[in-house]
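> If you want the building blocks of each chain, they are given just below.
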Amino acid sequence: MFGRMNRRYDVVVVGGGPAGLAAALGALDSGVSRVLVVEREPEPGGILRQCIHAGFGLHHFREELTGPEYAERFVTQVMDRDIDVAPHSYVTGLAVDSSGHRLVRVLSERGGLATVECRSVVLAMGCRERTRGAVRIPGTRPAGIFTAGLAQKLLNLDGYLPGRRAVILGSGDIGLIMARRLTLEGCKVEGVFELMPYSNGLTRNVVQCLDDYGIPLHLSTTVTRIHGRDRIEAVTVAPVDETGRPDAARAWDVPCDTLLLSIGLIPENELSESLGIALDVVTGGPKVDSTLATSLPGVFACGNVLHVHDLVDFVTEEALRAGRFAGEHARQIRRPRDAIALVPGANVRYCLPHTLSADRPHTVYMRAKTRMSPCILRVGNLLERRLRFVVPAEMIHLTIQPELLERFYEDRLQIDLLPVDGGGVP
Amino acid sequence: MTARQEQHYVCISCPIGCPLRLVHEGDQIIEVEGQECNRGAKYARQEFTDPRRTFSTTVPITGAVYGRLPVKLSAPVPRQAIPAAMAAIRLLSAEAPVRLGQVLLRDVAGVAGVDVVACRTMDRVMITPSDDPSSAT
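Protein sequence lines, in the order shown, are assigned to chains P and X.
Quick note on the working numbering: the first sequence kicks off at 1 and runs consecutively.
Quick note on the working numbering: the second sequence kicks off at 1 and runs consecutively.
Next up, chain X with everything else stripped away, as it sits in the complex:
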């Protein structure tokens, strides 16, 4: 027999931002309160059972107009997997040309089906000395 506990969330489904209270006994959800619509209850249940997040970052790229290639996760990962995913992405690098949607790493941080993909196309460009900041003195 576990005691009743409660969790508090702010609903992000729309800009109203209903303050939600979820009552549970262990893993068992007893009730959700505070929502003005059904999306609030759904959000609180999802947050309690399996909160998932996605994020974007960049990886170094050579031969492109800028030195960084923006990348994203193809799907959300469990929230606690974010640091591991970030650490794995930090080891990546790319070389132009890169196509939008190109997969740079599969199953990031061991999460099956979640890939790291390029968010844009970066063509190979000729870098002239005046464009290259590292050559400036």
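Excised from the complex, chain P in its bound form:
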């Protein structure tokens, strides 16, 4: 029930975005009945509520939905299946008592500070945006500099237009979608500037959000200075060389009253860190085994807090699994420890989960370091698959069947992405 929070649950989910909602449903599917979702906003749904564009659900529902529509399908299920949702609430800590119960400390607008007892916890706090400080843009510190997602929230939830003349740094999908959105609302978008020689967003978004509206995309170019005293008045932009160093001789100024930053996302792991959970320096999220359990017993992680996904459909898939394992844990079902470490090899930035077991199928998510087309995905000496292309912006997913691991007696399995000519098997 919306707004209800009891003292005792089987599973407590931290965060009511797409990951948290699916994790709650997954927990219920595993046979537990008492599940609580703790959400800091006034309603569940998370970032999807402000992502009003279409493009969600093509994998999970096989139809194209807007963010709010995708969220509502899960919110409706959560409400129908009598999962408790505590809005305006925040998890401030977690402890384990002598009988092995987890005690979750919840701070909420209505109930003040409360302690909720449970058997499993699912971390689903999502991620947040990198800010100006992360890329150290020199210049003054005027108003009018927003992360793209903040501008999206102001525009789509609150109805405020952030400015009249905008420059966008970073060509991730949020930046591209905001370029179109601002243009439709009457704001002139002077251009999108991207440090890399390629766009970080989907081709579809470059075509439909920039080309359709005549918004220029400047590749290998970055913002090198911010001008303006009270409000931003202009930015200096400059082309960069292969090492990313800007060429001041070819710089030019772009007048604007708004700068949007779409320069990457960071998993929001302050809570995990305060609990001493082991994190992966590459993903920025917790290290997890094949049940998506973190290093802290009974605590699971899924969604963008685990690693930044590009499609919400994969968040849903992962979170349903995490929820099921959390539910099993709450029912005292214990599995043997994973025996195989999964490690990234050539051109693989990271792969998840960090360990595997040989007793059941596993979904493995990974990301490439650089673009390759075509290439071979090799899993130890067990599996080779030819892929038409890999790009860093597109997560690769792979199912490893138990038959494959049946006669695998080593403790370390490496995943490589190899060029087709150099890496063929004998």
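Hints are computed from structural coordinates only; laboratory data are not their basis.
Be a bit skeptical, because a hint or two may be false.
Claimed, not checked - Heads up, incomplete: computed chain P residues facing chain X, CB under 8 Å, no partners named:
no.: 1; residue: Glu69
no.: 2; residue: Thr224
no.: 3; residue: Arg229
no.: 4; residue: Asp230
Claimed, not checked - Here are a few chain P residues that sit away from chain X, every Cβ distance over 10 Å (derived from the structure):
no.: 5; residue: Ser33
no.: 6; residue: Pro42
no.: 7; residue: Leu155
no.: 8; residue: Leu157
no.: 9; residue: Asn347
no.: 10; residue: Arg407
Here the structure is a predicted model, which is why all the values come from computation and not from measurement.
Glycine included, every Cβ here is placed at the ideal spot set by N, Cα and C.
Since the structure of chain P is already known, use the hints to place chain X on it.
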């Protein structure tokens, strides 16, 4: 007799993004080049004959948890109809409660069968003074 001309597109059917070249004489398509699969040719033909797009925006809503209601088009409209559709939507407003899929405007910008529909349910809520930003001083 019209001269041969060509149009360039980037295929959006998948992340490869094949650069496509479509050769035509007037309205007559002669050939499509550059695609790695059939979807590329299909995309270029569609873009040349009838490029269609959809978009989302918001309309003001009173009595709900937020001041904006997200809306979308029920189907794509011809690309050149987007400004007219946007102008028509700008005149709309809503009052909570609103149901997901509720039609706010039929045949937007004169495009038959394309409606403006609500993308979410927004219940009527009691706004307490502390929640209302306009009452803040």
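> Any hints from earlier that this structure breaks? Give me their numbers in increasing order, please.
Per hint list: 2, 3, 4, 6, 7 and 8 violated.
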